[in-house]
Amino acid sequence: MTSKRSFSANTGIAGKQKIWMWIVSILSMLIMYPSVLIIYLNRIISWYPTDTPAQKEIYIYQMKEAVCDALGYRYSFLFFGLGVVFAFGIFGYLNNRSKVDMIKSVPVKARQIYMSDYVSGVVICVIPYAVSLILSLIIALGWGFLTALAVKEAVFTFVLNMAVFFLYYNVGILCICLTGNLFVAFGGFMALSFGPVLIYSAYDMLKDYFFKSSGGFYMGYVSKLLPLGYTDEYSYNIKMLDDFGKEMKLILPDAIPWFIAAVVTGILAYLCFAKRPAEATHKAVWSKALCNVLKLIIIPSAALIVSIIVYQSSAEIKWIMVVSAIVTAVLTGMMLEAIFAFDLKGALKGLWSTGLGAVIAVVILAIFFTDAFGFDKYVPTVSSLDSFALETYPNAYGDYFEIMDGEGATSTYGAGIRWVDTAARKRDNMFLKQNEAMIELARLAVENDLYNNQEEGDVVRMDVLYRLRGGRKVTRCIAVNRDDPRSLELLDVITGSDNFNDFIFAPLTQEDELDKSSIGVSYTNGVGSENMDMMPSSIIEIWREDSKQLNYSFGLENYPCGSINIALQGGMSYTLPVYDSFTGTLNAVKKSGAYLSNEFDASDIESIIVSNYHSEVWDDGNDYYGDPTVSVTIDDPEEIKELLKSMAPGSLWKLYERNDNENGSYDISVLFDKDYDYSKKGESFYFRFTSPTPEWIKERTTL
Amino acid sequence: MIEIKGLNKSFDNIKAVDNVTFDIKEGEVFGLIGTNGAGKSTILRILSGVYRPESGTALIDGNEIYDNVEVKKNVFFISDEPYFYPNSTALSMGEFYAGLYETFDKEAFEKYIDAFKLERNRKINTYSKGMKKQLAMLLGICAKTKYLLCDETFDGLDTVMRQAVKSILAKEIEDRQLTPIIASHNLRELEDICDHIGLLHKGGILLSRDLEDMKLNIQKVQCVFKDEADKANALNGVEVACESKRGQLYTYTLRTTREEAIARFSSVDTIFYEVLPLTLEEIFISETEVAGYDIKKILLG
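Protein chains in written order, with the working numbering: chain G, 1 to 703; chain H, 1001 to 1301.
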């Protein structure tokens, strides 16, 4: 509660000082919401005709969409900007000695002055925003295009924008309260806002440079550390959901940390305000202890960031990295001391803390150089591991479109279709339980020192996310030797599970939705395509049975003979590979009359052009000038016949490839010579070698 | 009553107030004298609740001041650079303070600003330095607080305005027992207004005395003696704080009452003698010399 007197301190002439903030806020909000809405709606009016009932339907749909878009767009940077501008505009007086004399001597409690000022900043942001939103809703309602979805969009966006505003408003106030000079306060604000991301990025880069098992699933820490990155994804995903629980599940994991950060910085800002002595004015940082803490955070951070840049540009020489870290630490320490003292001569003070900062930087580098904490040796114990997610590269069936059963919401992918990042889907939803197999696989990598011997054998990297029983998540990029039968056996245990395939082949988890949303099912042999008169769920059920054969070894050794294609709106589709051994699926395809053989007749082919890109010329950093590609045209029927035995349509993807597969260097273009039942005359198709490249082809394409 | 006991305040390694102890009684005008950096402003900021004492106590009517609203209701602080909101006018600042001080007398304020010819609705940022000081003083007086803390407030006022402000202060003191504490580096500025003087030097207080007490017990006498015997008789048993001679004319600063001085010099045979009033500066010179300081070096450079 604020007293009458504290209120008085913010009305009249004192309140008039904030008029410019009102103007900034009101103009921003009016431009960003009602004005943008009117622009969107006018654009739809001028773009979409309404002459026919169908056109009118599209027009109405687009108008409703425009309302949703206009009300749901998150202007994160606007609220970031308002937060910092209001913080400095309202609390900047703390660096004005005359005003501090006045404010601190009048009979109003410091707490009341703080609350009164704090609330005034919030009000200046919230009221114009709320009024603009209400105005937008009235405009949309007046035009007859207001939907429940649009209201929901507006409310969720409001909540998220407020989280950003509060966070940066509080960070701004905190920095002003910790310092006695606006430039230093702004520098502190930038450091607090962007520093954690820089520090985390430096940590991530050091891991990537020096830990061989670094990598794995993207955990989105950068986005969590800087909540400005989320704009479209949230708005877009919220729009797709009509279930409150799902919306909360999507928003809360990221929004809650922002609110927590806002609350924590808010409390810290108030405590610093309460503790801040009036004599702090015109000092850089008023607490000597804080100066030292800042030095011990900033010096190692700056030293590590600069050393990483130097490492990148110095042919990755470690001792140069260390020297650059020490030099940067010393210079940063001197610079900070000069700033703290507002005197260049002050640069030579605080040498012990500068030295300590440099030592910390060097120790951190040493930890990374030597892997002192055994990062690359990490293998969870059976008792500690709850579940895990595994990304087995490569796989070509990665796209995942979630089909929504919403109220006709659309996206660029089509009505009711939402693209989902497959890695993120696995990270959040893949709970594999073959823990012992996974642990043994990881242990084999460590015991055989595969990270240092990746060139020996058919070693591949796979991303793992270990979910430990305590709730901790650990990511690694493990190495697997596919020449080792035991490793393959373990991989098969993991990849042979139904649960695993659910994450590789999206249709397996969306049978019912596909029946409603799919626009057709077809079979292809990689060249031609025939429609199948089947519901997606029917063919998926049969394919599911066949897919029990699928595991890593199967995918490594077999090439598909065709694939089932389930078409979605917006030109998107799902593909299920079909192998010769998938008898149930092939019988269903044949029964529906859609079967196309994968054995092509040489007489149907006019010519085959084989190109060898000779990518080996650039191996080991060799210099090569010019285009090393050698192409040969095969038009002899016998040679074509011979070649057809070892190649297949390129659109049929093999699940996994060997590292030593030299076929990747070849490109095969097949030109059919007549109208064929699945091709047009003169149409060429991309093929790939499925077995070792024939020697005679190698000879003819020699550089 | 203001009680300061063992007060200390440092800024980094600089001791701004060093173990200062003195009291200020209600209804008296207290002058805080000292050079720049002597600690006057720091003491006033502590008394107004801007600064928190490092150690020792500063009490107003027996209460701590820092963040104490009830005490601050009785205190108005005019800093050496008074703050006025950008684009504010005399009236709007009056409104502002009226919202903060329940006792603020708007009627009197408007009357005063008209009397001082400070345009009511002219923006304060177009005022001269002296006008701003007048306005700050008027705001402080009209807040009707018990204590008025003025930091170099008379500096920048012309003689006429200074006298006008002093007369208002005198009236307020008479009417409602106002207790002004006036800090200045200029002795002459305080001469005709203060009842009690505190002399600060390097953060510490050199002396704190009632001006009247000082004036009563110290006299300046100019005299031409007929002979040395008369001189010896006149000065016998009286403390001579200062003696100078120009030709036959002696000038003495004596620690005694005016009556006793007249009695002594009239009882001996002199060619000429006169008991003159001492300026505050002269009183301080003699008082601080007793304490072992050279006031000329302290205050007058």
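Think of the hints as simulated: they come from the structure by calculation, not from any bench.
Ideal Cβ positions, reconstructed from N, Cα and C, are used throughout, including at glycine.
Heads up, a few of these hints could be off.
[Unchecked claim] Dumping the calculated DMTMM-like pairs for lysine to aspartate or glutamate here, alpha-carbon to alpha-carbon at most 20 Å:
| hint | chain 1 | residue 1 | chain 2 | residue 2 |
| --- | --- | --- | --- | --- |
| 1 | H | K1171 | H | E1081 |
| 2 | G | K109 | H | E1102 |
| 3 | G | K283 | H | E1081 |
| 4 | G | K345 | H | D1012 |
[Unchecked claim] Listing some non-contacts, in silico: residues in chain H with all C-beta distances to chain G over 10 Å:
| hint | residue |
| --- | --- |
| 5 | N1019 |
| 6 | F1022 |
| 7 | G1062 |
| 8 | G1247 |
[Claimed, not checked] Chain H regions said to be covered by chain G (calculated; three or more residues, Cβ under 8 Å):
| hint | segment |
| --- | --- |
| 9 | 1041-1054 |
| 10 | 1116-1122 |
Hint by hint, here is what the structure shows:
1. K1171(H) with E1081(H): Given that 20 Å is the threshold and the Cα spacing comes to 25 Å, the pair is violated.
2. K109(G) with E1102(H): holds, 15 Å
3. K283(G) with E1081(H): Within the cut-off at roughly 19 Å; holds.
4. K345(G) with D1012(H): Roughly 16 Å separates the two Cα atoms, so the pair holds.
5. N1019: The assertion about N1019(H) holds, with a minimum of 19 Å to chain G.
6. F1022: Correct as stated: the minimum Cβ-Cβ distance to chain G is 21 Å, above 10 Å.
7. G1062: holds, 17 Å
8. G1247: Correct as stated: the minimum Cβ-Cβ distance to chain G is 53 Å, above 10 Å.
9. 1041-1054: Coverage by chain G holds for the segment 1041-1054 of chain H (6 residues, Cβ < 8 Å).
10. 1116-1122: Not satisfied, violated; 0 residues make the cut.
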